[in-house]
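Start from chain A and add chain B according to the hints.
Protein sequence lines, in the order shown, are assigned to chains A and B. Position 72, counted from 1, in the first sequence is what the numbering used here calls 72; the numbers after and before it change by one each time, with no gaps. For any residue, its number in the numbering used here is found by taking its place in the second sequence, counting from 1, and adding 383.
Honestly, the hints are just simulated from the structure, not real lab data. Just so we're clear, the structure is a prediction, and the values are computed from it rather than from any experiment. Where is the CB? At the ideal position from N, CA and C, for every residue including glycine. Don't take every hint at face value.
Unchecked claim - Below are the DSSO-like pairs computed for lysine-lysine, each with C-alpha atoms no more than 30 Å apart in a straight line:
no., chain 1, residue 1, chain 2, residue 2
1, A, K10, A, K367
2, A, K367, A, K222
3, B, K757, A, K10
4, B, K388, B, K594
5, B, K439, B, K528
6, A, K109, A, K56
7, A, K9, A, K221
8, B, K441, B, K457
9, A, K56, B, K489
10, A, K109, B, K556
11, B, K457, A, K347
12, A, K144, B, K528
13, B, K755, B, K457
14, B, K441, B, K489
15, B, K556, A, K100
16, A, K109, B, K528
17, B, K495, A, K56
18, B, K755, A, K9
19, B, K757, A, K9
20, B, K556, B, K489
21, B, K388, B, K439
22, B, K539, B, K528
23, B, K594, A, K10
24, A, K100, A, K56
25, B, K528, A, K100
26, A, K56, B, K556
27, A, K100, B, K539
28, A, K144, B, K495
29, B, K489, B, K528
30, B, K469, B, K441
31, B, K441, B, K594
32, B, K755, A, K10
33, B, K539, A, K144
34, A, K347, B, K469
35, B, K556, A, K144
36, B, K388, B, K757
What the hints assert, rightly or not - Stretch-level coverage of chain B by chain A, calculated; a stretch enters the list once three of its residues show a Cβ under 8 Å from a Cβ in chain A:
no., region
37, 509-519
38, 563-577
39, 724-735
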Amino acid sequence: MVSQWQLLKKDRWLLSCLTWIPIVLVITIWWVFSQAIVRELPIGIVDLSHSQLSRKLTTEFDATSTLSVSGHYQNVAQASEAMRISDIYAYVVIPRNFDKSIYRSEQPKVTTFYNSQMILVGRLINSAIVQAQSTFNAQLDVVKTLSGGNTTALTAMSQAAPIRTQVTPLFNKNTNYAQFLVSAIVPAIWQISIVVCTILILAMNHRQYGLNRWLTQRPIKKLIHTLTPYAALFALQGTAFLVWFYLLLQWPMQGQFFTIIVAQWFTIIACMIMGGLFFFLTLDPARGMSFAAAYTAPSFAFMGITFPTSDMNTLAQIWRSLLPVSHYIDIQVSQVSYGVNSFDSFKLLWPMFGYSVPFVLCVLLIKKHLAAELSNRGDHELA
Amino acid sequence: MNWLKLLIEELKSIFSNPVVVLTVFGGVVFYSFLYPLPYSQQTPREQTLSVVNLDKSKTSYQLERMVDATPQVKVTRRDTSIEEAKQAFLNQQVSGILVIPVNFYKDIQLGKSTTLAYAGDASYFLVYGTLVEGLAQAGGTLAAKTKVARLIVDGKPLEYASQHYTPTEQNLKPTFNPRMGYIDYVVPAVFVLILQQTMVIASGMMLGTQKHYRGYWSQLSSLQLILLRTLVLVGIYYFLSMYYFGASFAMHGVNTIGDPFELLTLLLPFLLSACFIGLWLGAITPRRELVTLVVLLSSMPLIFSAGFIWPVESIPQPVVWLSSLFPSTPAIQGFLALNQMGAEWRQIAPQWTLLWVQAGIWFLIAWYQVEKSKTEQ
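Extracted from the complex, chain A is given alone in its bound form (with noise of 0.2 Å):
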């Protein structure tokens, strides 16, 4: 351990990505979903109508916390090239003569473009214009009705509303989109600073020792003797990013820490293995590092958070079962979400111990490589 730190101390790079490299990842992406609930997102109206009514509907759009009414336009076509270059994403285009066709009950339509290539800002708008222009019909509906006389507010009210609906989201009860993708995306963040620091890890003693010095005899044990100190400090850093979500930010949190610092043990075991791996394949860290990035780069894609896993076709099922973190973040979920017991969460682990099947390799190769120089020397020696 203390050799280890000597050479830390030479490597400024290794010992940056260590320490303040991964506070700094997860800090920024915090920082740019801190303000956790989308609000008021830019729309634009076409007014044709400039009547009390149309008026008032777009006091009910700007009224919405998702939107924000930030221009008026004279017709589509002005509306529409804001749109292209996303200083609005949606316009409302409120039709011609739009009062007097409400008086004449003849059911004038209201469109909305909304911009539908960002999809998560598509949906939110959609909702809350469906949510705005139902309340605006709601109100013209009571009144109506109220006006016809012979009725009380109450049953005009229900008039108006027959079947109302009412939304309970389970497990993440503010819809706050800071929680749900943060603590999906900070496992993924450190699941490749796993890979690539074992990969500089191995790269540094390699370049110290020479792969002889530091490996002959009893490899396994002596790997094992190299990567453990850093194998706590990644636990260290696991236990710090769930330190900071659940017990500092205070984000709701159903199961037991130690569940899921087991999971994590078995991720960080994992990824080093997938590390160790792609290192002594070519002891070459370049090529290393390549495979690296190809492996866990797009993670989080396959981590069934944005997209659900049970719509993923069976190839990008097989490439989600060879990453860690995807194991590790169904724990994470079963815990933090849902509080299922640790028996039931710990049968999720078990397809880590495929990954015994990439450590029998890196045996091989290490022994291959210790082979090849052995033989090397030999002919040195002998000429």
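Same frame as chain A, now just chain B:
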């Protein structure tokens, strides 16, 4: 050495560098298949739902069928109590619950309003959104039907009733990505980032490999070396970009409504900046694998601050400023505007200008660093 000879030497050196070949050609092609893989179904469909029907009237069964008929939702269970449904949900047998209250039918007939309750797991926002959308659709249809039925009971003809049941009609049009497909959402933006990141690795890795040896590059001045490398790599990346924006987009069915000439023009400052960043990284890092390391670690912050996942308006201003130091941010915005949203060239002038400013600044930084690392040797 004349320029033609140098070009050939440079090409040889690129193609004989296994790491560069692996990253540039292997990486770009591999990602073009791997990245869209999880999203091949485009939208989550048929999310499983448990119905707790406490009413058991004809109308409530009709509602169940209407829910089941929406593409978003599939009724896979019927539970007799909310408790039971909740247990099924916790065992992950269903992803949502719909409760039809007691006296649902009676209340509608009596002209009282009645409340349907939906519950879904909001930790998976796409599943949640899909479920709520499907349920809201079915609920809305039934509400409209009820109002129409009441008007008919009041003695209005059906023709009149079906056109007068609500004061104003809603008509929502998803624009630019009408099928709300996930591939159409992720691929056009992420591919721009992949082009940038692999380009940075390639140009950084070349410099990082060569600076420990002597060769044709040792006789060149820093400026000549930068010029030569940029010329060759940008040339190669023009072909790779055409593969991405052409064949690959077509294969995944992504819109390509931009004018090809405009896309190629926008690529120039983008690729130049990426190449200069790579040269700078190659010069400051003591070992070449560190170039890949920096690129890999920067990917996630870059993608999430580019403004297509989380709206720019909701990202803190300092993060927005930081992210506009790198070409991927204006490039993603520019390419999305041109190719996905059909913006005109003059509309992306801010992005175009920013990219050229970046190219200029990154060029100066790269030049300074390459010169410095040359004198250090």
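Each hint tested on the structure:
The suggested pairing of A:K10 with A:K367 holds, with an alpha-carbon distance near 28 Å, which does not exceed 30 Å. Proposed proximity of A:K367 and A:K222 is supported: the alpha carbons are some 13 Å apart, at most 30 Å. Using a Cα cut-off of 30 Å, the hinted pair B:K757 and A:K10 holds, with the two alpha carbons roughly 23 Å apart. This hinted pair checks out: B:K388 and B:K594 have alpha carbons roughly 20 Å apart, not beyond 30 Å.
Taking the CA atoms of B:K439 and B:K528, the gap is near 19 Å; set against the 30 Å cutoff, the hint holds. Pair hint A:K109 plus A:K56 holds up; C-alpha atoms about 16 Å apart against a cutoff of 30 Å. About 24 Å separates the Cα atoms of A:K9 and A:K221, which keeps this hinted pair within 30 Å; it holds. Note on B:K441 and B:K457: the hinted pairing holds, with a Cα-Cα distance of about 19 Å set against a maximum of 30 Å.
The straight-line distance between the Cα atoms of A:K56 and B:K489 is roughly 35 Å, outside the 30 Å bound, and the hint therefore fails. This hinted pair checks out: A:K109 and B:K556 have alpha carbons roughly 12 Å apart, not beyond 30 Å. A C-alpha spacing of about 28 Å is found between B:K457 and A:K347, which places the hinted pair at or below 30 Å, so the restraint holds. Annotation: proposed proximity of A:K144 to B:K528 holds, straight-line Cα distance about 19 Å (limit 30 Å).
For the hint linking B:K755 to B:K457, the alpha-carbon distance of about 64 Å lies beyond 30 Å, and the restraint is violated. For a cut-off of 30 Å, the pair hint linking B:K441 to B:K489 stands: about 11 Å separates their Cα positions. About 25 Å separates the Cα atoms of B:K556 and A:K100, which keeps this hinted pair within 30 Å; it holds. A C-alpha spacing of about 18 Å is found between A:K109 and B:K528, which places the hinted pair at or below 30 Å, so the restraint holds.
The straight-line distance between the Cα atoms of B:K495 and A:K56 is roughly 27 Å, inside the 30 Å bound, and the hint therefore holds. For the hint pairing B:K755 with A:K9, the CA-to-CA distance comes to about 25 Å; that is within 30 Å, so the pair holds. A hinted pair counts as satisfied when its Cα atoms are at most 30 Å apart, and B:K757 with A:K9 qualifies at roughly 26 Å. Simply put, B:K556 and B:K489 have alpha-carbon atoms about 36 Å apart, too far for the 30 Å limit, and the pair is violated.
Of the pairs offered as hints, the one joining B:K388 and B:K439 is violated, with about 84 Å between alpha carbons and a cut-off of 30 Å exceeded. For the given pair, B:K539 sits about 14 Å from B:K528 by alpha-carbon distance, which is consistent with the 30 Å threshold. For the hint linking B:K594 to A:K10, the alpha-carbon distance of about 21 Å falls within 30 Å, and the restraint holds. A C-alpha spacing of about 14 Å is found between A:K100 and A:K56, which places the hinted pair at or below 30 Å, so the restraint holds.
Distance hint between B:K528 and A:K100 is fulfilled; the C-alpha atoms sit about 25 Å from each other, no more than 30 Å. A C-alpha spacing of about 22 Å is found between A:K56 and B:K556, which places the hinted pair at or below 30 Å, so the restraint holds. Under the criterion of a C-alpha separation no larger than 30 Å, the hint pairing A:K100 with B:K539 is consistent with the structure, at around 21 Å. The suggested pairing of A:K144 with B:K495 holds, with an alpha-carbon distance near 17 Å, which does not exceed 30 Å.
Using a Cα cut-off of 30 Å, the hinted pair B:K489 and B:K528 holds, with the two alpha carbons roughly 15 Å apart. Restraint check: the Cα-Cα separation between B:K469 and B:K441 comes to about 25 Å, which is no more than 30 Å; the hinted pair holds. Under the criterion of a C-alpha separation no larger than 30 Å, the hint pairing B:K441 with B:K594 is inconsistent with the structure, at around 80 Å. Simply put, B:K755 and A:K10 have alpha-carbon atoms about 22 Å apart, close enough for the 30 Å limit, and the pair holds.
For the hint pairing B:K539 with A:K144, the CA-to-CA distance comes to about 16 Å; that is within 30 Å, so the pair holds. Among the hinted pairs, A:K347 with B:K469 is consistent with the structure: their alpha-carbon atoms are about 21 Å apart, no more than 30 Å. Among the hinted pairs, B:K556 with A:K144 is consistent with the structure: their alpha-carbon atoms are about 29 Å apart, no more than 30 Å. A distance of roughly 22 Å separates the Cα atoms of B:K388 and B:K757; the hinted pair therefore holds under the 30 Å criterion.
Coverage of the region 509-519 of chain B by chain A holds [criterion: at least 3 residues with CB-CB distance below 8 Å; count 8]. Using a Cβ-Cβ cut-off of 8 Å, 5 residues of the region 563-577 of chain B lie near chain A, which meets the minimum of three, so the contact claim holds. For a cut-off of 8 Å, the count of residues in the region 724-735 of chain B with a CB near a CB of chain A stands at 6, and the three-residue condition holds.
In this structure, the earlier hints numbered 9, 13, 20, 21 and 31 are contradicted, and the remaining ones agree with it.
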